[in-house]
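Engineer: Whenever a hint applies, use it, and build me the whole structure from the sequences.
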Amino acid sequence: MELQMGLPLFYFLLLGFAILMYVLLDGFDLGIGILYPWFNTDAEHDHLMRSISHVWDGNETWLVFGGVILFGAFPLAYASIASLLYLPIMLMLIGLIFRGVAFEYRFKSHTSKVWWNRAFAIGSSLAAFCQGLMLGVLVQGVDADSVASSSLQWLTPFSLFTGLAVMAGYALLGCTYLTMKSRGDIQQKAARYGQRLLLFVMLAMLLVSLFTLYQQPEIRERWFGGAHSLILMLLPLMAILAARLLYRDLGRVQRQFAAEAEISIRHESRPFWLAASLFLLAFAGLVAGLFPYLLPHQISFYAAAAPDSSLSFMLPGILIFLPLILAYTLWGYHIFRGKVEDYEEGY
Amino acid sequence: MELDAALLSRLQFAFTVSFHIIFPSITIGLATLIAIWEGLWLKTGNPVYLQLAKFWIKPFAITFGMGVVSGIVLSYEFGTNFSEFSRITGAVLGPLMAYEVLTAFFLEAGFLGIMLFGWQRVGPKLHFMATVVVAVGTWISAFWIIAANSWMHTPAGHIIVDGVFQVQSWWQVVFNPSMPYRLAHMLLAAFITGTFVVLATSAWQLRHSEHKNMARKGLSMTLWLALILTPLQAYVGDLHGLNVKEHQPVKLAAMEGIWAEREAGAPLLLFAIPDRVAEKNHFEIGIPKLASLILTHDPDGELMGLKAVPADERPNVAVVFFSFRIMVGIGVLMILVAFTGAFLRWRGSLYQSRWFLTACSYLAPSGILAVLAGWYVVEVGRQPWLVYGLVRTIDVVSPLPAERVLFSLTLFVLTYSLLFGVYLYFMRKLIRKGPPPLEKLSQQLIGVKASGYAVALAKQIKPEQEQH
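Residue numbers (my numbering), protein chains in the order written: chain A, 2 to 348; chain B, 3 to 470.
Hints listed in this document are in silico derivations from the structure and should not be mistaken for laboratory results. Treat the hints with care, since some could be wrong.
Stated by the list, open to error - Derived lysine-lysine pairs resembling PhoX-like cross-links, with alpha carbons at most 20 Å apart:
(1) A:K109 with B:K442
(2) B:K431 with A:K114
(3) B:K431 with A:K109
(4) B:K435 with A:K114
All values reported here derive from a predicted model rather than from experimental measurement.
Structural biologist: Okay, here's the thing in structure tokens:
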């Protein structure tokens, strides 16, 4: 019994890890696509693209990983969720296609460059928006019969709002990444936009939390019923603390620049990690509310789990390869460390 | 007209997977060639090899990018369009794809960044390693996806509990009866596809007297490769065909256009028009007894025909029949080219033979066409089954409203048509632009982190320039 519950739980946590990795990693590079229209010159656009052209592919692989873990470990949930969210998934894929090929073609184009700029910005924004939409559906839940009839029930004001909120969140991550990887004007712009986006993201998180607590008694019960709610309360408190530090760091980067002082490396790179921890805390809060469901109040992870023969077959692969993947991914980032201007253009 | 969601879903999958397979077929071969050239450059110091690697890395990069973005679509389409299929086979196919992501996708993506952008950031040996890892990653990826696909043709190692597949033996699932043949056939096909893309381009460059040193090296190498790979492929394809005869006799009957329940001394049909309604062929042109001889090693051997199964268990015969002939026809053409090339080389007139170079330069898409035709034989030949003999395609399609699938299918057709045009445009542009000149290669390689590397290269290249 222990083991029977243990394996599905492991995969539930693994799925959470994959989604979190995806959101953090592709989050910052989708975010740069969302920010793209706010940068004007060709040189700025070159800089933005070059800051992520060596990592976007690896970042997007986490999306595929999340998909196949859902497929292999929770086939029932994969089948239901994917066909329920048919349109947002398809639109997200189209968005990802356009922004993905823009990396390759933009640097090789002359006359069509402006179109690749558009493909990159619109594709990134569309993909992020659709992901936010899907998040909204997961938070809000759907009627039991809509899974089978694949209705348009996911299209609500709430899910549209979460779509925008996720776009803002990704853009914030993008700003903090640019603060770390740039100098001068681009860095200043990123820090400035980052501060404004942070305010919007915090407000959106507050609204989504309040709405969810108001709308869903089970989640309200979990957050406010019993002693464990004290531990859960740490999540919003830590989020507020992280946001405050983040706002201050971004402000310092601007003040140091204005005073023509050397910008300290700590204040340049800490915002990214603070923004990432904001995402982590929000994600933890989300999981705390939804556990043990993959699709709220309908499909729990243990009901959807594949037989043990499949779960244990994947286990050695995950235990061996996931640490390796993390190691060489980290190594890849290490090789391209430092500011974008410091490495040559490429191949 | 009533729209049929099931048909639209199948069309969409066929369209998106056909589009996708073009790019991995090229990159598997091309990554391997680039790794070979980079290795030869390190070993011999001959800068022509570096030039080849540097020239082909750009077409490789855009092809790889197209493969990545069109591949992500597929990993979600199982669930979006074939939800019932995902539910009942997820425990078998999901883990195979999870292994593909864990052992191949991350590997390719992780080292691709270094392969494309890391020339100045890492030393030459480390860069070579990154290229090799990307190439090996493409093979591993093929291994897992072919295992999953082959299981759908020759399912093994599973039990069915409450209508859901569970695995009893993973060894039997992965190495199911058709898997080794299909893997060998597909990997060879991919190597040949990449080889012919390079062969055709090199021939075109020679024909136009551009970049002669590089083009000669490219043509010479790929012709040797073609001479080994294409006959080998014919042999492996034959083995694969025998495997089909054993496990999917109906598909084989469709490939050969055999209708009678059992036919002794079946002819090898060169041409015919199969007629599903009349259950016979029109305008047959064939070589008597040859099909029986090839497939049973006996001119009077018996083969099973389409009428041995009910009409609703037969695939679309015409598609399978013609696709098979297109694939084999292209294969024969490739073998002829490889041998003609060898003959001209022996005569010493390979690089001057304008007609041969012109003919070769038209063969750039030959591998891709053969791969597509081959996959139509395989996949259409399996119909009406999705998992052969166990799951009918029509029973496991998502219950989606037809308009929604029509909408996404339209989007994919528009997007992919546009992107395919763009891809061809940029491939042409990159190929016309040619390789970076040797002098520039040395400048490019001088980076902040790799001074020793750059100096070593500059030393190698100098004597080469003085010769000119």
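Engineer: Take the hints in turn and mark each one as holding or not.
Structural biologist: Each hint tested on the structure:
With a CA separation close to 18 Å, the supplied pair K109 (chain A) and K442 (chain B) stays within the 20 Å bound. Of the pairs offered as hints, the one joining K431 (chain B) and K114 (chain A) holds, with about 15 Å between alpha carbons and a cut-off of 20 Å not exceeded. With a C-alpha separation of about 9 Å, the suggested pair K431 (chain B) and K109 (chain A) falls inside the 20 Å cut-off, and the hint holds. With a C-alpha separation of about 18 Å, the suggested pair K435 (chain B) and K114 (chain A) falls inside the 20 Å cut-off, and the hint holds.
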